[in-house]
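**Q** Note that the protein sequences, when read in sequence, are chains A and B. Just so you know, our numbering puts 72 at position 45 of the first sequence, and the rest follows in order with no gaps. Just so you know, our numbering puts 114 at position 85 of the second sequence, and the rest follows in order with no gaps.
Be aware that a few hints might be false.
[What the hints assert, rightly or not] Okay, derived cross-link-like pairs now, DSS-like style, lysine-lysine, Cα gap no bigger than 25 angstroms in a straight line:
no. : chain 1 : residue 1 : chain 2 : residue 2
1   : A       : 67        : B       : 139
2   : A       : 49        : A       : 79
3   : B       : 132       : A       : 68
4   : B       : 135       : B       : 110
5   : A       : 67        : B       : 110
6   : A       : 63        : B       : 135
7   : B       : 135       : A       : 67
8   : B       : 132       : A       : 67
9   : A       : 123       : A       : 79
10  : B       : 132       : A       : 63
11  : A       : 63        : A       : 45
It should be emphasised that the hints constitute simulated quantities derived from the structure, not laboratory data. This structure is a prediction, so every number in the text was calculated from the model and none was measured.
For reference, the chains in residue letters:
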Amino acid sequence: ETGVTQTPRHLVMGMTNKKSLKCEQHLGHNAMYWYKQSAKKPLELMFVYNFKEQTENNSVPSRFSPECPNSSHLFLHLHTLQPEDSALYLCASSQKQRATDTQYFGPGTRLTVL
Amino acid sequence: GQSLEQPSEVTAVEGAIVQINCTYQTSGFYGLSWYQQHDGGAPTFLSYNALDGLEETGRFSSFLSRSDSYGYLLLQELQMKDSASYFCAVRSGGSQGNLIFGKGTKLSVKP
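Taking the hints into account, I'd like the entire structure generated from these sequences.
**A** Structural data, given as structure tokens:
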């Protein structure tokens, strides 16, 4: 238990569906992240929120839309996804000022797009 | 650009020592980290090196040579539970930079 929770743990959706992933951190951190993990690929940083402000968007397609209402909650809204978007989506948090910027990861959401 | 290279797979036997290497190319280097991820689990932090040298934490040690843009994770007295993927990650771009992860090394420990 890392102090970062994610729901749902598994999600199957069609290409025309709209769904949202939720992440909550109980660590008092000031930064939250969405990563995508696909087979045979490195962890890909998608979005970064620092003090609720989005500071990074790594050329992520607009069918992925993040939302950070406060420093403890992070959402990833999904719509009109493609089968190649099937992956493990990991949320993480960190205390940005610390030198290590240690990432505390949630268990992830295994997403399958049909 | 920024990139990290590490072997894709390593196999070792229980009780042995294994070294997982990582070479990196980045601008504004701000430290090398290592994470462990078991199958079906989330990555968890193992170690961090900002300065050259060896950092030891129990059976695990991590080494950094900034002049060679190289580091390694050393696992001693291997146990079956050490079977996992190990990722190196660099933080670039200064104190507000984000982590860039390598592709990971899958370690299989055999009895």
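**Q** Are the hints correct? Go through all of them and say.
**A** Each hint tested on the structure:
A distance of roughly 22 angstroms separates the Cα atoms of residue 67(A) and residue 139(B); the hinted pair therefore holds under the 25 angstroms criterion. The hinted pair formed by residue 49(A) and residue 79(A) meets the criterion: a straight-line CA distance of about 15 angstroms does not exceed 25 angstroms. Distance check on the hinted pair: residue 132(B) and residue 68(A) sit about 6 angstroms apart at the alpha-carbon level, within 25 angstroms; holds. This hinted pair checks out: residue 135(B) and residue 110(B) have alpha carbons roughly 13 angstroms apart, not beyond 25 angstroms.
Straight-line distance between C-alpha atoms of residue 67(A) and residue 110(B) comes to about 22 angstroms, which keeps the hinted pair within the 25 angstroms bound. At most 25 angstroms may separate the alpha-carbon atoms for a hinted pair to count; residue 63(A) and residue 135(B) meet this at roughly 18 angstroms. A threshold of 25 angstroms between alpha carbons decides the hint, and for residue 135(B) with residue 67(A) the separation of about 11 angstroms falls inside it, so the pair holds. For the given pair, residue 132(B) sits about 7 angstroms from residue 67(A) by alpha-carbon distance, which is consistent with the 25 angstroms threshold.
Between the alpha carbons of residue 123(A) and residue 79(A) the distance comes to roughly 12 angstroms, so the proposed pair stays at or under 25 angstroms and holds. Distance check on the hinted pair: residue 132(B) and residue 63(A) sit about 12 angstroms apart at the alpha-carbon level, within 25 angstroms; holds. Of the supplied pair hints, the one linking residue 63(A) and residue 45(A) holds, its CA atoms being roughly 18 angstroms apart against a limit of 25 angstroms.
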